[in-house]
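Visitor: Sequence:
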Amino acid sequence: MMTALRLAIRFLLSRKSRTILSIIGISLGFALLFATNILMTSLEVANEGIAEEKYGRYEIIAGYQTASSFLTDEQVKDIQSYQEVSRTSSFLYPYIGDDHPYQSVTQLQPMYIGVDCVPLTSEHPLGKLSSGTLPGNGEIAIPYSWAKSHHLSIGSELTLPFPPGKDRTVRVSGILAKSEHTNFIFLFERKWLADATGQSGHTTTVMLDLSDLREKEAVLQKLNEIDPDLYIDRQAAKDTERSQLGGLKPLVQGLGAAVTLGSTLLLISTLQMSIQERKKEIATLRLLGSKRRQIVWLVMTEAIILALVSGLLGIGIGAGLAFMLQGFLARMSGLTITGLTFDPSFALLSLVGGMMVTVAGSCLPAVLASRERPLHAYREASIHGHKGGWVRNLLGAVAIAFALIAALLSGGAKGHLASAALLTIGTGLLLPALFSWTIRALSSLLAPLIRNGASLARRSTLRQARRSVQIAAVAMLACSIGIVGTGVLGTVKQDTMKSIMDRYPLDHILQSNTGLDQDGFSPELFHDIQELDGVSAVPIYKGKLMITDGWKMHGTNMSTIDVDGKPELLTSLQPVDWKVLQQAFPLMISAGEIKMTDFNEGGVVITSFMSEKLGLLVGDSISMVRESSYDYGSGKWKRGYETVDLKVTGIIQAFPFGDREDFSFYTSPSWMEANMGPVSLDEIHYTLTDSSKKEEHEARIQTFVQNEGTSEAISLDKGEELELLQHQFLQRTTFLGITISLICLLALIGLMNNMTGSLKERRREIATMRALGISFRKISRLILTEGVLITSAGGILGSLYGTILLQLLLSALDHHSFVMSWAFTGGCLILSPFLGMAAVLFPLWKLRRSSILQELAAR
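Taking the working numbering, the leading residue of the sequence shown gets 48, the next gets one more, and so forth.
Do not rely on the hints blindly, as some may be mistaken.
[Unchecked claim] Just the calculated beta-carbon pair ranges, DEER-fashion:
#, residue 1, residue 2, range
1, Lys613, Gly144, 21 to 29 Å
2, Thr543, Glu745, 41 to 49 Å
3, Lys626, Ser676, 27 to 35 Å
[Claimed, not checked] Derived lysine to aspartate or glutamate pairs resembling EDC-like cross-links, with alpha carbons at most 16 Å apart:
#, residue 1, residue 2
4, Lys694, Glu648
5, Lys461, Asp214
6, Lys599, Glu648
7, Lys545, Glu648
8, Lys626, Glu640
9, Lys540, Glu768
Hints are computed from structural coordinates only; laboratory data are not their basis.
Quick reminder that beta carbons are idealized off the backbone N, C-alpha and C, glycines included.
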């Protein structure tokens, strides 16, 4: 072993320049891996506060969703005793679900919730207060909108029913924070509410905070042992937020893996180069009695030394890189990084992992070296070519053919992903042959420009194909990652932008943030906003859930409800201010008319999509019943239900504020109010047409909203959404660009190494050419052509592979139109030859300094 170690060190030191370049290239992979971990860990720490603010500082909620099931005091104490649990808070929902007998009393009341007066309760979205304190005995915390609409404040009293007990008067101790979660709930002290409702000793759910997040699965297992039917909210969205950092972490990790793959290919090329340069030494060792396994161990020892030195250097570079990039990453992510978080165990893990990848990557060169026939090597028989073998080529061609056929025949995401995997495997197997064919084709195209130089460059390149193919593979990796990355990011951006534009026909939205059965904005709010000079607004009314009566199915897949054993359609009846809507968005009428007189007589308008899917035409009649008149328990209409007879009088192409699959029936506000009761607004869309009055109008609109006592408004801005989208796109393309640059740098270093070794092997040949009168300029042109052929082949193959892979991945994402990043693909094809030129400049500089006489006298 010591002999192999000494020989490996001697071999590496004998080629100092190549060894240094190899270490620099491989260390880049280690550096990126280590820097990525430091930065992502630091971002996770910064992101944890945001995740906790968004989802609460708790990890698990366990319990039941019906009033008939509950946790006992003993079970709650058992949960509290878990060593992994640091804090708990218990909740009581006395009237949850449809299985309690007090529906008639409680259905008009907000949801009653009993809570513990402990700090953890305030971490739950339902327990957040805008003022006051959590309730004690005989106290209540009420929603902000309820306090405003009922003119209540802290200290006010109100009397409420507590079936099966008597009515009780409670005092307001707190006002809940403005939130969609708290609009229709009342909070009470849990034990007091249990006594008032006759449910002493009952707990519906328990909220848990853990001392160590890594113990979450263990706690979940223990909870499952209490009752397999226990409902458990494990905060999966919070875990996803932690792990993915808004989608940034998987992207960075994937790109880091790509750079690591490039480093591995560089290592393989370096080892093959080293073996080629030392054919005589290895042959001598074989002739002196060395066994094949000793040759394998020698080559792998050399690889381990390279990896160890590169790993240690990469860890140092990675730490410095992380320090320099922390400010940049903070700006790109929008998070505040107060300091870098360094994990020493990961540094060791990175080193060990890199060594394992190195050992795996060195297996192929080591085995090839052991199979070298000593006499051939000693006689300098050239075995540089890399034909790949007909079996390998056949398998690769079959895999690619199957991938393309499966892509054409498959219609699902899994099928397209399987095709992408087959394409990758086939390309890897067929790569040597593809490289050879591409080199021959390129040399033929360059022949008119370089004359005899093209054929000489082709022969020299193919003679070095075994190690050149890895360099081409690195260039191919950079191009394919760039094409796939820009294509996917561009498509996602385009689709998201379209979704935003569909969601925001106008620039701003005010949402009422109330339930379907609750009142939204008053129509007066819309009129106040519409009367502002320089404001264009459109009201969107709240619809009513309706169920058809006597509906004949037309093969639709929309939600249905069984009424007396027959399927009926669950739909929506929505009023529309047609005059305002048509002023803002001229509607394309497919059939019929839009007349107010028709609406007054029960006329409705539907979309072309609905007409096609449901088979409805102008003149068709339909009867409906309010959804609230349906008894879900018995599956029948409630007593005294009333039907509404409607008639289709118009069909429009699409409703500007509706979904693409729109199954709503549209009527007028006046008919809706006369037949269905008071109407209110769900949303108000508006645009500020006078930019000079923007701040003034925004302030006045906020004043109008604050005067609304029925709900809390949510304000949405299309400009902010588009700005956020652009920021995320720039963030991801920046990381993509950095990764591609690093992979190109690896290709540059690898090719530089390759050409240095190749010119060293051919030094007598080149010296002879110079002695015969061939100018160094022509020789330089020949060598430049070799570099251009290698990187151009990688660019062409990467462009083809990346384009096909992009289409497969987009098809898996249900995007079926052809997408091509022409600018990036063109850039790959144009810049890849220049990469090859740049890589041979240093070897050419060294060659120019060499002496012809010394080279001819050598050997």
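Visitor: Sort out which numbered hints this structure fails and list those numbers smallest first.
Guide: Failing hints, ascending: 2, 5, 6, 7.
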